[in-house]
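Protein chains in written order, with this note's numbering: chain A, 1 to 112; chain B, 1 to 114.
Keep in mind that the hints were calculated from the coordinates and are not lab data.
Note that CB positions come from ideal geometry on N, CA and C, so glycine has one too.
Any given hint could turn out to be false.
To be verified - As a list, the in silico BS3-like pairs of lysine-lysine whose alpha-carbon atoms are at most 30 Å apart:
id, chain 1, residue 1, chain 2, residue 2
1, A, 40, B, 37
2, B, 57, B, 69
3, B, 68, A, 52
4, A, 52, B, 37
As the list claims (entries may be wrong) - DEER-style ranges, computed between Cβ atoms:
id, chain 1, residue 1, chain 2, residue 2, range
5, B, 28, A, 80, 36 to 44 Å
6, B, 69, A, 26, 13 to 21 Å
7, B, 10, A, 10, 46 to 54 Å
8, B, 63, A, 60, 18 to 26 Å
9, B, 58, A, 65, 29 to 37 Å
10, B, 5, A, 77, 27 to 35 Å
11, A, 80, B, 109, 28 to 36 Å
12, A, 80, B, 79, 45 to 53 Å
13, B, 8, A, 51, 22 to 30 Å
14, B, 69, A, 110, 42 to 50 Å
15, A, 58, B, 72, 37 to 45 Å
16, B, 54, A, 15, 30 to 38 Å
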Amino acid sequence: ETAVFQTPNYHVTQVGNEVSFNCKQTLGHDTMYWYKQDSKKLLKIMFSYNNKQLIVNETVPRRFSPQSSDKAHLNLRIKSVEPEDSAVYLCASSQERYAEQFFGPGTRLTVL
Amino acid sequence: GEQVEQRPPHLSVREGDSAIIICTYTDSATAYFSWYKQEAGAGLQLLMSVLSNVDRKEEQGLTVLLNKKDKRLSLNLTAAHPGDSAVYFCAVSARDTNTGKLTFGDGTVLTVKP
Chain A
1 ETAVFQTPNY
11 HVTQVGNEVS
21 FNCKQTLGHD
31 TMYWYKQDSK
41 KLLKIMFSYN
51 NKQLIVNETV
61 PRRFSPQSSD
71 KAHLNLRIKS
81 VEPEDSAVYL
91 CASSQERYAE
101 QFFGPGTRLT
111 VL
Chain B
1 GEQVEQRPPH
11 LSVREGDSAI
21 IICTYTDSAT
31 AYFSWYKQEA
41 GAGLQLLMSV
51 LSNVDRKEEQ
61 GLTVLLNKKD
71 KRLSLNLTAA
81 HPGDSAVYFC
91 AVSARDTNTG
101 KLTFGDGTVL
111 TVKP
């Protein structure tokens, strides 16, 4: 049963455009994450929020910015996409920082 | 920072055989260990997780072993069936990072042939 929802499922855009991805969790968790999965299936943490506060900001380009309106939502904006941004972006949530993380289905971004 | 190595990258077994995937990690402060399954076009499904005070955990045909001395974590699928075909990831977290962020292995593509 899905409890971490992501929209859109897919997005195709051109270099230089701005995109925004949404994530919502209905589990009542306090912590949410964004991960990037590249074409080789490698997974890397990008951001983590705990109760709307940023607690992890890995070395990602400044064109990426997370946005959290409340602890159930964590969006990701990319200001000016580049070809290397093509990937699957996975959102996850956990009850606390060291608890099990539950993932959404992902948003696949293709940059032409 | 934490480094996680996962092997093998590809694994093919016959239906009914066991499949074993191994991860090694470097940070002795690693305290949380988990395994995920990713089917084609889908997100990550949590299979099992253990904390560092657990050496062995079994659930529904899956066995997770943790050897803290060797910094090794394994997943054993007993009696694999074709529905187990997917990519499997180990993921670990160290308590002293104060973040809970997971460091993933590179994944194992498991194929179970009828």
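For each hint, the structure was consulted:
Distance check on the hinted pair: residue 40/A and residue 37/B sit about 16 Å apart at the alpha-carbon level, within 30 Å; holds. Restraint check: the Cα-Cα separation between residue 57/B and residue 69/B comes to about 17 Å, which is no more than 30 Å; the hinted pair holds. Restraint check for residue 68/B and residue 52/A: the C-alpha separation of about 34 Å exceeds 30 Å, so the hint is violated. With a CA separation close to 28 Å, the supplied pair residue 52/A and residue 37/B stays within the 30 Å bound.
A beta carbon spacing of about 41 Å between residue 28/B and residue 80/A agrees with the range 36 to 44 Å that was offered as a hint. Restraint check, residue 69/B to residue 26/A: a C-beta distance of roughly 41 Å breaks the suggested window 13 to 21 Å. With their beta carbons about 27 Å apart, residue 10/B and residue 10/A fall outside the hinted range of 46 to 54 Å. Separated by about 36 Å at the C-beta atoms, residue 63/B and residue 60/A break the suggested range of 18 to 26 Å.
Against the hinted window of 29 to 37 Å, the Cβ-Cβ separation of residue 58/B and residue 65/A comes to about 43 Å, which falls outside the hint. In this structure the supplied range 27 to 35 Å holds for residue 5/B paired with residue 77/A, their Cβ-Cβ distance being about 34 Å. Between residue 80/A and residue 109/B, the C-beta spacing of about 34 Å keeps the proposed range 28 to 36 Å intact. Taking 45 to 53 Å as the suggested C-beta distance range, the pair residue 80/A and residue 79/B conforms, at roughly 50 Å.
In this structure the hint that residue 8/B and residue 51/A lie 22 to 30 Å apart at CB is violated, the actual value being about 40 Å. Between residue 69/B and residue 110/A, the C-beta spacing of about 45 Å keeps the proposed range 42 to 50 Å intact. Between residue 58/A and residue 72/B the beta carbons are some 26 Å apart, a value that contradicts the proposed interval 37 to 45 Å. Take residue 54/B and residue 15/A: their Cβ atoms lie about 48 Å apart, and the range 30 to 38 Å is violated.
Checked against the numbered hints above, the structure breaks hints 3, 6, 7, 8, 9, 13, 15, 16 and satisfies the rest.
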